[in-house]
Amino acid sequence: MTAVPITSAPVVYKPSDYRSDLKPIWCPGCGDFGVLAAIQQALAAAQINPKDLAVVSGIGCSSRLPGFLQTYGLHTVHGRALPAAIGLKTARPDLTVMAVGGDGDFFSIGLGHLPHAARRDLDITVVVMDNAIYGLTKGQTSPTSPRGHVTKSTPYGQSAQPLHPLAIVLASGASFVARGFSSQPKQLAELIKAGLAHRGFAFIHVLSPCVTFYDTYKLYKELVYNLPDTHDPSDLDAAMHYAVESERLPLGIFYRRPPLEPLPRPTPKPFDTQAYLNRFRA
Amino acid sequence: MTAVPITSAPVVYKPSDYRSDLKPIWCPGCGDFGVLAAIQQALAAAQINPKDLAVVSGIGCSSRLPGFLQTYGLHTVHGRALPAAIGLKTARPDLTVMAVGGDGDFFSIGLGHLPHAARRDLDITVVVMDNAIYGLTKGQTSPTSPRGHVTKSTPYGQSAQPLHPLAIVLASGASFVARGFSSQPKQLAELIKAGLAHRGFAFIHVLSPCVTFYDTYKLYKELVYNLPDTHDPSDLDAAMHYAVESERLPLGIFYRRPPLEPLPRPTPKPFDTQAYLNRFRA
Amino acid sequence: MIQKEDVVIRVAGESGDGSSATGEMLAQAAARSGLHVFTFRTTPAEIKGGPVMFQVRASNSPVRSMGDAVDVLFAFNREAWDLHHADMAPNAVLLYDPEEFDLPAEFTGIAYPAPIGQIAQAAGNRRGKNVAALGVVAALFGLGLNKLEDIVRAKLGKKADLLESNLAALRAGIEYAHQLAKRDPFWMESTGEHDRYVMTGNQAIVAGALHAGVEFFAGYPITPASDIMEGMAAMLPQIGGGYLQAEDEIASIMACIGASYGGKRAMTATSGPGLSLMSEAIGYASMTEIPVVIVDAQRGGPSTGLPTKMEQSDLNIALHGGHGDSPRIVLAPASVAECFHLTVWAFNLAEQYQTPVIVLSDYSLSFRTETVEPFDLSKYPRIDRLRPNGELAAKQYRRYELTANLVSPMVAPGVAYAQYTATGLEHNEFGNPDYTPANHAIMTEKRWGKLAPLQHSREYVRRFGAERAKVGLICWGTTAGPCRGAVYLAGQEDLPVAMLQVQMLSPLPVDAINEFLEQVEIVLVPEVNFQGQFAKLLQAELGIKVRSMTKYTGMPFSRLEILRQIHALHGLAEPVLA
Amino acid sequence: MIQKEDVVIRVAGESGDGSSATGEMLAQAAARSGLHVFTFRTTPAEIKGGPVMFQVRASNSPVRSMGDAVDVLFAFNREAWDLHHADMAPNAVLLYDPEEFDLPAEFTGIAYPAPIGQIAQAAGNRRGKNVAALGVVAALFGLGLNKLEDIVRAKLGKKADLLESNLAALRAGIEYAHQLAKRDPFWMESTGEHDRYVMTGNQAIVAGALHAGVEFFAGYPITPASDIMEGMAAMLPQIGGGYLQAEDEIASIMACIGASYGGKRAMTATSGPGLSLMSEAIGYASMTEIPVVIVDAQRGGPSTGLPTKMEQSDLNIALHGGHGDSPRIVLAPASVAECFHLTVWAFNLAEQYQTPVIVLSDYSLSFRTETVEPFDLSKYPRIDRLRPNGELAAKQYRRYELTANLVSPMVAPGVAYAQYTATGLEHNEFGNPDYTPANHAIMTEKRWGKLAPLQHSREYVRRFGAERAKVGLICWGTTAGPCRGAVYLAGQEDLPVAMLQVQMLSPLPVDAINEFLEQVEIVLVPEVNFQGQFAKLLQAELGIKVRSMTKYTGMPFSRLEILRQIHALHGLAEPVLA
Ligand SMILES: Cc1ncc(C[n+]2csc(CCOP(=O)(O)OP(=O)(O)O)c2C)c(N)n1
Ligand SMILES: Cc1ncc(C[n+]2csc(CCOP(=O)(O)OP(=O)(O)O)c2C)c(N)n1
Ligand code: SF4
Ligand code: SF4
Ligand SMILES: [Mg+2]
Ligand SMILES: [Mg+2]
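Here the protein sequences line up with chains A, B, C and D, keeping their order. For what it's worth, our numbering labels the leading residue of the first sequence as 19, then goes sequentially. For what it's worth, our numbering labels the leading residue of the second sequence as 19, then goes sequentially. For what it's worth, our numbering labels the leading residue of the third sequence as 7, then goes sequentially. For what it's worth, our numbering labels the leading residue of the fourth sequence as 7, then goes sequentially.
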C-alpha cells in the first residue's frame with residue numbers, strides 16, 4: 019500500500035502554492051528573492067504539480083532555494099547538483115527536474131559537470147544565480163568576478179579573467195541558453211517557463227546580486243539590455259558572440275534548438291534471474 | 019651545498035637528448051609515438067635544457083609520456099595534470115612547464131580544471147592526445163567519441179553528443195589554441211614549438227589514434243585539412259566557428275592573442291616573523 | 007596411477023600468444039566435466055604484449071584458493087619458464103614448446119616437450135597453437151576430455167572458417183599426448199557431472215545486482231571494476247533501467263544518489279582511486295539516509311599503485327572515508343558465490359537501513375573464475391525501503407521521523423503532501439536544517455542507532471574448523487579462501503584450528519566474534535595489506551589484542567603460508583605438503 | 007570584595023547590534039591590561055541577522071577552556087536572555103538593557119539594568135551603544151579600564167568623525183557603572199602588565215606557516231578555514247610566495263603537490279568536505295613522497311553538517327582517508343599557541359619525512375582568541391628536505407634510494423642529470439614503474455618505515471597532573487583545554503588525576519603512551535565525536551581497552567563535565583564548583 023494524501027490537490031496552482039514555510043535565510047535585498055519569486059511564477063504558469071517537481075542544488079546561499087519551495091528538493095554537496103539531477107531525471111523521467119545554485123557551485127567546483135550535462139541534453143532546467151561572489155562563505159572572489167576584483171581572497175586583485183558561463187555552455191552543445199536578471203522577475207519568469215517547456219537541457223543564467231558582499235545592482239542596471247528582436251536564437255555563431263560580450267550584458271534567449279532525438283533502445287522486458295544465470299552454466 | 023653534475027650539459031640538444039631509457043608501453047602503431055617524437059622535435063627546436071623542463075600528466079596510456087622523456091616529470095592522478103602544473107608553474111616560474119594526457123583525462127574527469135587553467139593564462143603548454151577512447155582501461159567511450167559510438171561501456175551507442183574541446187577552451191579565454199595530428203609530426207612539432215614560445219596558456223589538441231580500441235587513422239586522414247592561409251588567428255569568432263566543425267577536422271593555429279598582462283604585485287621582501295607577530299601584541 | 011586430490015595447472019606465455027585462451031578453455035572443460043575449478047590470472051602492465059599467465063586449479067572437492075604450488079607448468083616460451091619455475095611444486099611437471107626453448111638443464115623433474123606450433127601447423131593452421139596446447143594438457147591429465155570440441159566450437163563462434171583447422175589441431179594435440187609416455191601422477195578425471203556455473207567475481211556481482219532489482223547504475227571505467235559497469239551497460243537498457251557512463255566517480259555516485267532519492271535501487275562500481283573521490287558523497291548519502299550500493303574492487307595501492315594486482319587495503323577508507331561521524335555498511339565477499347550473495351544483500355541492507363553499503367571485492371576475485379553451485383533463488387528475497395503508509399496531511403511528512411527502530415519512512419517524489427528537501431546540513435525530523443545541540447545529538451544517535459542491531463546479527467559470519475582450538479583465524483574477503491585451505495590441511499594433520507570469516511566489516515558483528523573469541527586461545531588475523539587494517543579494526547572495536555599476519559606483495563596468501571604460521575604458533579615444524 | 011579566580015563574561019545579542027564588538031573589545035582590554043584571556047563565539051546560520059554571542063574568560067592565571075558557566079551575562083535583548091540564562095552559574099550576574107526587556111521575574115540573582123542605547127544617545131550617537139556597554143562591563147568588573155580608550159580609538163580607525171561620540175559613550179558607560187551599587191563579588195583587575203599576543207587559532211596557523219617558510223598556498227573558501235587562506239592571500243605576495251585561489255579542493259592540493267615537487271614548501275587549508283575531496287591526492291603525495299601540509303579546521307559533520315559548530319570528528323578520515331596503505335603524519339593543536347607551534351612542525355616534519363602532514367584544528371579554535379606568551383623563535387628552526395649532495399651522473403639519480411633511514415634525497419627540477427618522473431604507480435628506487443611483488447613489499451616498507459622512529463618521539467605529547475593516579479585522561483586537540491581544567495579542579499580537591507595530551511595522532515607516539523599507561527589504572531578518553539574515534543585509535547594501535555567519553559552536540563566539553571566523570575570513576579559525589 020502506498021501513501022495517500024488526505025485531501026485532493028488543488029486544480030489550479032498559484033505561485034504561493036510552491037512556497038514552503040521555511041523563511042529564507044537570505045539577507046534583505048538579496049537578488050535570490052527575485053529568483054525564488056520568478057521560479058514560483060514560472061511553475062504556476064506551467065501548472066506543474068508540486069509533487070511532480072524536484073529541485074536539486076549544491077551548497078551556497080542560492081543553493082538553499084529548494085528548501086524554500088513546497089516541492090521535492092535535494093540539497094546536495096558543493097558543486098554536485100548536476101550529476102544528482104541527471105541521476106534523478108534518468109531514473110525518473112516522469113518528474114520535472116530543476117537544478118539551481120550559485121556561480122561558485124556551478125562554475126568553480128562544479129564546472130566539470132556542466133559541459134557533460136549540456137552534451138547529454140536531458141530534460142533538466144538549470145537556474146544559476148550568479149552574484150559574481152561567494153556569498154555563503156562571506157565574500158570571496160568567484161570565477162565570474164571581474165579581473166582585478168579585490169576581495170579578502172584576492173586582496174591584490176583577481177589575476178584570472180572571468181569565465182563567460184554562457185559561452186562555455188554553448189560550446190558544450192546546450193540546446194537552450196538564456197540570461198535573466200533578478201530585478202526583472204517578469205522576464206525571468208518567462209525565461210524559466212520557456213526553459214521548463216524545452217524538452218532538453220535548458221540553461222538560464224541569472225544575474226542575482228549579493229547586497230552584502232558585492233552589490234552589483236547599480237552596475238547591472240546600467241549594463242543589461244534585451245537581446246534585439248532581430249536576434250535569431252537558432253544562430254549559434256550569433257549566440258556565441260553575445261555570450262562573450264562583457265561590456266554590456268544581454269538578456270533573453272541566446273540560443274534554442276530542438277533537443278537531441280533519443281537513440282533507439284531495446285524494448286524493456288522484466289529480468290529473469292534464472293534465465294540470466296543459465297548463460298554461465300558450465 | 020647543492021647537487022653538482024659530473025659533466026657539463028651539451029651545448030646543443032638533439033631530439034634524442036630528450037628521450038629516456040624507458041621503453042614506451044604503447045601498442046605498436048599507437049598515435050602517441052608520433053606525439054612523443056613531435057615533442058622531442060619541438061623541444062630540440064626550442065633548445066630547452068632538459069633539466070629546466072617539467073612535464074606533468076594524469077593517468078592513461080598517453081599520460082605515461084613523461085616517463086619516456088629524459089626531463090623532469092610528474093605523473094599525477096587521473097584528471098589532475100592541470101592543477102599540478104599550475105602549482106608548479108606558479109611556484110617555479112623559471113621552469114618550462116608542459117601538461118600532457120588523454121581525452122578522458124582532460125575532457126572527462128579533468129574537465130573542471132581546463133577552463134580555469136585557460137582563464138588564468140599562465141605560461142603552460144598543454145598537449146592532449148585525443149583518441150576519442152579510453153585506451154588504458156581497454157576501450158570505453160570517451161567524451162569525444164561520436165554520438166552513437168558503440169563500445170563495451172555504451173553497447174547501445176553513446177547517447178550524448180561529443181564535446182568540442184577547442185570550443186570549450188576558446189570559450190574559456192585561452193590565448194593560444196591549435197590542433198595537430200600525430201600522423202603529421204612535422205606540423206605537430208611546429209605547433210608545439212609555437213605553443214612553447216607563447217608566454218600564456220597554449221592548448222594543442224592532437225588527434226592521436228588508438229590502434230587497439232578505436233582505429234581512426236583512415237577516418238582522420240580523410241577528415242583533416244589545414245586551416246586556410248586566410249584564417250586570421252586573432253579572430254575569435256572565426257576560431258570558434260572552426261572549433262565546432264565536426265564534419266571535417268581543421269589543423270593549425272585556430273587562435274592566438276597576446277597573453278594577459280600580469281597585474282601589479284608588491285615588491286617581495288623577506289619575511290620577518292617578529293615584526294609580523296607584533297601586530298598581535300595585546 | 008595415483009590421483010592427486012587436486013591439480014594446479016599454469017599456462018604461461020606472452021600476451022597475444024594464446025596461452026591465456028588455453029587456460030580459459032581448460033578451466034571450462036574441467037568445469038563442464040564436473041570438476042570444481044578456481045582460476046587465477048595475471049595481466050601485463052603493457053596494453054599489448056608482456057608476460058601473462060592463466061592458472062587452473064581443479065578438483066573433485068570444492069576449491070577455495072589458487073593453491074599452493076604449481077603441479078603442471080606449461081611454458082609457451084623461455085620467459086615463462088624464467089618467471090614461473092620458482093612456483094613449481096617439488097614433483098611438478100613441465101610442458102614446454104621445444105621450438106621456443108630447450109629444456110633448461112637445471113630442471114631435473116618430469117618434462118614433456120609439446121611442439122604445439124608444429125602440431126597446429128601440421129593440422130592446417132599454426133594459429134591453432136592454443137587449441138593444440140589444450141588438447142595436449144587435457145589428454146595428459148584427464149581434464150574434461152569429452153567437452154573439448156564443444157568448447158572450441160563455442161569459442162570460435164562465428165569464425166566458422168577456422169573451425170576445421172582448430173578441431174584438427176585439438177585432435178592432433180590429444181593424439182600427441184597419447185603417444186607420450188606418461189610418467190607423472192596427475193590425473194583429474196571427474197567423478198560425475200554437475201549443474202554448476204562458471205563465473206568471475208565481477209559477473210557474479212552483476213548477476214546479484216540484477217537479481218536484487220538494480221534499477222540504476224552510473225560508473226566510470228577503472229580496472230578491475232570496469233566490466234561490472236559494462237555488464238550493467240548491456241543489461242539495464244534491456245530491463246528498463248537507467249544507465250550512465252558518468253564523467254568521473256563523483257558524478258557517478260551523485261547520480262546514484264539522485265536516482266535513489268527518486269526511489270530507485272542504485273549502484274556504482276569502482277576501485278580505490280574512485281572510492282577515494284567518492285568520500286564526500288558517501289558521507290552525504292549517510293547523512294541524508296539515501297540508500298546506495300558501492301562496489302569497490304580493490305587493487306594494489308596506494309594511489310594508482312598496482313592496477314593489475316590484488317590487495318585488501320581499502321578497508322580503512324571503506325570504513326572511515328568521509329569526514330564527520332558517517333555510518334555505513336561494509337561487506338566483503340570471499341568467493342564468486344559470495345559476490346552474488348552479498349551483492350543481493352548489499353541492496354537489501356541499503357534499502358532496509360537507508361544507508362550507503364560498500365562491497366569490498368578485490369582484483370583477484372574480479373577476474374578469477376570459479377565453479378559455483380546454483381543459487382537457491384527463493385532464499386534471495388527483494389527487500390524494499392520503508393515507504394510512508396496511510397494518509398498524509400499537507401506539510402506533516404516527517405522524512406526523518408524518530409521511529410522505534412530509528413528507520414524512517416522514505417517517500418519518493420511524486421507523492422502528494424510528502425514533499426520535503428533532503429539536505430546534508432544537520433536537520434530535524436522534517437528534514438529542515440537544525441543545528442541546535444540537542445538535535446545534533448539525537449540525529450547522530452538516529453543515524454548510528456538504526457544500524458546497531460546488525461552488531462548482533464549472525465548472518466554475516468561464517469564459522470569453520472574445530473569447535474575449540476588453540477589458534478583461531480579471523481579473516482575477511484578473499485583471504486578466507488586460503489584460510490579455509492589451511493584449516494583443511496591442519497585438519498588432515500589432526501591439528502584442530504578454528505576459523506571465523508567476517509563478511510560484514512561495519513557494523514562489526516560483535517556478538518558472533520565475541521563468541522568465537524571464547525573458543526580460541528590465540529587469534530590470528532591474516533590479510534593482504536601492510537597495516538593489518540582488519541586486525542586493528544578488531545582491536546579498536548573489541549578492545550582486544552590479536553596477532554596480525556600481513557602480506558603486501560600484491561599477491562594473495564597461499565594456504566601453505568597460513569598453515570606455516572599456524573604450525574609456528576603451535577611450536578610445530580614447518581609443514582610439508584604431501 | 008572577593009576576587010574570583012577567573013570570570014566568564016558573555017555578551018549576547020543579535021548579529022549586527024554590536025554585542026560581538028563589545029565582547030571583542032572587552033577581550034582586548036583584558037588582555038592588554040595583563041590578564042589571560044580565552045574567548046568563544048557562536049555564529050548564526052543566517053548570513054545577516056540571527057542570534058550571536060561572544061564570551062570572554064579572563065584570569066590572572068592561564069586559561070585553557072571557555073569555562074564552565076557564565077558569571078556575567080550581558081543580554082542585549084530578550085532572545086539573548088532566553089537562549090543563554092540556562093548557562094549562568096548559580097551566583098551569576100545579569101546585565102540587561104531595560105529598553106529592550108524587563109528583568110525576567112524568574113531571575114532572582116543580582117541584576118543590573120544597563121540602558122546602553124540611552125547612554126550612547128545622551129553621549130551623542132545611539133550607535134555608540136556597544137562602546138557604552140564596554141564601559142559598563144569594564145567598570146563593573148575591573149577589566150582593563152585603563153586601556154579602553156586606546157582600544158576604541160584603534161577600533162574606529164579612520165572613522166574619526168565617530169570617535170568623539172564613541173569616547174563620550176564609553177565614558178558615560180563607565181560613569182553609569184560607577185553609580186551602580188555593586189553587589190557582586192566579581193573583580194578581575196590585573197596583577198601586572200605582560201607582553202602577550204592576542205590571536206585566533208587561524209591567525210596563529212598563518213603566522214606559524216609564514217615562520218616555517220611557506221612558499222606556496224592554494225585553497226578554496228570554506229568555513230572555518232577561509233581566513234587562513236585570506237591571511238596567505240595577504241602575505242604571500244608580499245614575501246614573493248605563490249598564492250592561488252583554486253577552483254576546488256582537489257585543485258588546491260594538486261597545486262600544492264605541484265609546487266612542492268618544484269621544491270617549495272606548500273600548504274592548503276580546508277574543512278571536512280574539502281578534506282574528503284582531497285583523499286585521492288593525499289594518497290598520491292604519500293605514494294610519491296612529496297611533502298605537503300594540509301590544515302583541516304574541523305566542523306560539525308557528517309556532510310555539510312553544522313558549518314558553524316565545532317567537532318573532533320575528522321580524525322578517522324585524517325588517518326585513513328585514502329585507499330591503500332598510505333602513511334601520513336597527523337597533528338592536532340589544543341590551543342592558539344599550539345596552532346603556531348604545530349604548524350611550524352608540520353612543515354618541518356613534511357620536509358624531513360617527505361610525506362603529507364595533516365593539522366587538525368577545529369571551529370572553536372579557528373575563531374577563538376587567546377592570550378599567547380611570545381614564542382622563543384630560536385626554538386623554531388626551519389628544517390629543509392634532504393636534497394642530493396655531491397656529484398650526479400647522468401641517469402643515475404635514485405629518487406627513492408633505499409637509504410639507512412629510508413628517507414631519500416629529493417631533487418627539485420632545475421638540477422642537471424637528476425631528471426626523474428614522480429609517479430603514483432608503484433615504482434622502484436629510480437622512480438620507474440615496477441609492480442613486482444618484492445618491489446611492492448620493499449617500497450611499502452620504505453614509506454611506512456621512514457616514519458616509524460616518530461613512534462618513539464616524546465616531542466608530541468604533553469603530560470600534566472599527578473605522576474600516578476587512578477584515573478588518567480588521554481586526549482587530543484581542543485579537548486585538552488577542558489581536560490587540563492578538570493585536572494586543575496581535581497587538584498584543588500586533592501584528587502590526583504593524570505593527563506596525557508597527544509599532539510601527534512599518526513604515527514602514534516606509543517612509547518610515551520605506554521609509559522603513561524603504566525602510571526594510571528583507568529584510562530578515560532574524552533573527545534567531541536560520536537564514535538570515540540581517538541579511543542578506538544588507541545585500542546587499535548595498542549591493543550588495550552580504554553574508557554571512551556564522547557559528546558556530539560557541536561559544543562566543546564566544559565571542564566566540569568570531565569570532572570564529573572572523574573568523580574564518578576572514583577565513586578565520588580557530583581562535583582560542585584565553588
Ligand atoms: C567541498 C566544499 N568546499 C567548500 C565549501 C564552502 N562553500 C560553501 S558555499 C560556497 C560557495 C558559495 O558561492 P556560490 O556558489 O556562488 O553561492 P552563493 O552563496 O554566492 O549564492 C563554498 C565555497 C563547501 N561547503 N564544500
Ligand atoms: C580516479 C580514477 N578513475 C579511473 C581511473 C581509471 N583510468 C585510468 S586511465 C583512464 C582513462 C584513459 O583514457 P584517456 O585519458 O583518454 O587516455 P588514453 O589511455 O586513451 O591515452 C581511466 C578511466 C583512474 N586511474 N583513476
Ligand atoms: S550574503 Fe549575498 S548572496 Fe548570500 S544571502 Fe546575503 S545578499 Fe544573498
Ligand atoms: S591501447 Fe590505444 S592508446 Fe593505449 S597504447 Fe594501445 S594504441 Fe595507444
Ligand atoms: Mg555566488
Ligand atoms: Mg583516450
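These are calculated hints, taken from the structure and not from any lab test. Values in this document were obtained by computation on a predicted structure and should not be read as measured data. There's no promise every hint is true.
[Claimed, not checked] Under the rule of at most 25 Å between Cα atoms (straight-line distance), these lysine to any residue pairs were calculated in the SDA-like manner:
#, chain 1, residue 1, chain 2, residue 2
1, C, Lys-551, D, Met-555
2, A, Lys-41, D, Arg-553
3, D, Lys-165, D, Arg-177
4, C, Lys-551, D, Asp-517
5, B, Lys-211, B, Gln-179
6, C, Lys-551, D, Asn-520
7, A, Lys-69, C, Ala-399
8, B, Lys-211, B, Lys-170
9, D, Lys-551, C, His-462
10, A, Lys-69, C, Phe-436
11, A, Lys-170, D, Gly-163
12, A, Lys-204, A, Glu-240
13, A, Lys-156, C, Lys-456
14, C, Lys-456, D, Arg-177
15, D, Lys-401, B, Pro-33
16, D, Lys-164, D, Ala-174
17, C, Lys-401, A, Ala-62
18, A, Lys-204, A, Arg-299
19, A, Lys-69, C, Gly-246
20, A, Lys-204, A, Pro-42
21, D, Lys-401, B, Asp-70
22, B, Lys-236, B, Gly-47
23, A, Lys-170, D, Glu-52
24, C, Lys-551, D, Gln-525
25, C, Lys-452, D, Met-561
26, A, Lys-170, D, Ile-53
Cross-check of the supplied hints:
1. Distance hint between Lys-551 of chain C and Met-555 of chain D is fulfilled; the C-alpha atoms sit about 21 Å from each other, no more than 25 Å.
2. Proximity of Lys-41 of chain A to Arg-553 of chain D is assessed by CA-CA distance (about 44 Å); at most 25 Å being required, the pair is judged violated.
3. Straight-line distance between C-alpha atoms of Lys-165 of chain D and Arg-177 of chain D comes to about 19 Å, which keeps the hinted pair within the 25 Å bound.
4. With a C-alpha separation of about 17 Å, the suggested pair Lys-551 of chain C and Asp-517 of chain D falls inside the 25 Å cut-off, and the hint holds.
5. Annotation: proposed proximity of Lys-211 of chain B to Gln-179 of chain B is violated, straight-line Cα distance about 32 Å (limit 25 Å).
6. Restraint check: the Cα-Cα separation between Lys-551 of chain C and Asn-520 of chain D comes to about 15 Å, which is no more than 25 Å; the hinted pair holds.
7. Proposed proximity of Lys-69 of chain A and Ala-399 of chain C is supported: the alpha carbons are some 13 Å apart, at most 25 Å.
8. Annotation: proposed proximity of Lys-211 of chain B to Lys-170 of chain B is violated, straight-line Cα distance about 38 Å (limit 25 Å).
9. Straight-line distance between C-alpha atoms of Lys-551 of chain D and His-462 of chain C comes to about 21 Å, which keeps the hinted pair within the 25 Å bound.
10. Distance check on the hinted pair: Lys-69 of chain A and Phe-436 of chain C sit about 16 Å apart at the alpha-carbon level, within 25 Å; holds.
11. About 19 Å separates the Cα atoms of Lys-170 of chain A and Gly-163 of chain D, which keeps this hinted pair within 25 Å; it holds.
12. At most 25 Å may separate the alpha-carbon atoms for a hinted pair to count; Lys-204 of chain A and Glu-240 of chain A meet this at roughly 18 Å.
13. This hinted pair does not check out: Lys-156 of chain A and Lys-456 of chain C have alpha carbons roughly 37 Å apart, beyond 25 Å.
14. The hinted pair formed by Lys-456 of chain C and Arg-177 of chain D fails the criterion: a straight-line CA distance of about 59 Å is larger than 25 Å.
15. At roughly 17 Å between alpha-carbon atoms, Lys-401 of chain D and Pro-33 of chain B fall within 25 Å of each other, so this suggested pair holds.
16. A threshold of 25 Å between alpha carbons decides the hint, and for Lys-164 of chain D with Ala-174 of chain D the separation of about 18 Å falls inside it, so the pair holds.
17. Annotation: proposed proximity of Lys-401 of chain C to Ala-62 of chain A holds, straight-line Cα distance about 19 Å (limit 25 Å).
18. A C-alpha spacing of about 64 Å is found between Lys-204 of chain A and Arg-299 of chain A, which places the hinted pair above 25 Å, so the restraint is violated.
19. With a C-alpha separation of about 23 Å, the suggested pair Lys-69 of chain A and Gly-246 of chain C falls inside the 25 Å cut-off, and the hint holds.
20. Between Lys-204 of chain A and Pro-42 of chain A the CA atoms are separated by roughly 21 Å; this keeps the pair inside 25 Å, and the hint holds.
21. For the suggested pair Lys-401 of chain D and Asp-70 of chain B, the alpha carbons sit about 16 Å apart, so the restraint of at most 25 Å is met.
22. Of the supplied pair hints, the one linking Lys-236 of chain B and Gly-47 of chain B holds, its CA atoms being roughly 13 Å apart against a limit of 25 Å.
23. Note on Lys-170 of chain A and Glu-52 of chain D: the hinted pairing holds, with a Cα-Cα distance of about 20 Å set against a maximum of 25 Å.
24. The suggested pairing of Lys-551 of chain C with Gln-525 of chain D holds, with an alpha-carbon distance near 20 Å, which does not exceed 25 Å.
25. At most 25 Å may separate the alpha-carbon atoms for a hinted pair to count; Lys-452 of chain C and Met-561 of chain D meet this at roughly 19 Å.
26. Between Lys-170 of chain A and Ile-53 of chain D, the direct Cα distance comes to roughly 17 Å. Compliance with the 25 Å bound is thereby established for this hinted pair.
The structure does not agree with the numbered hints 2, 5, 8, 13, 14 and 18 stated previously, though it agrees with the rest.
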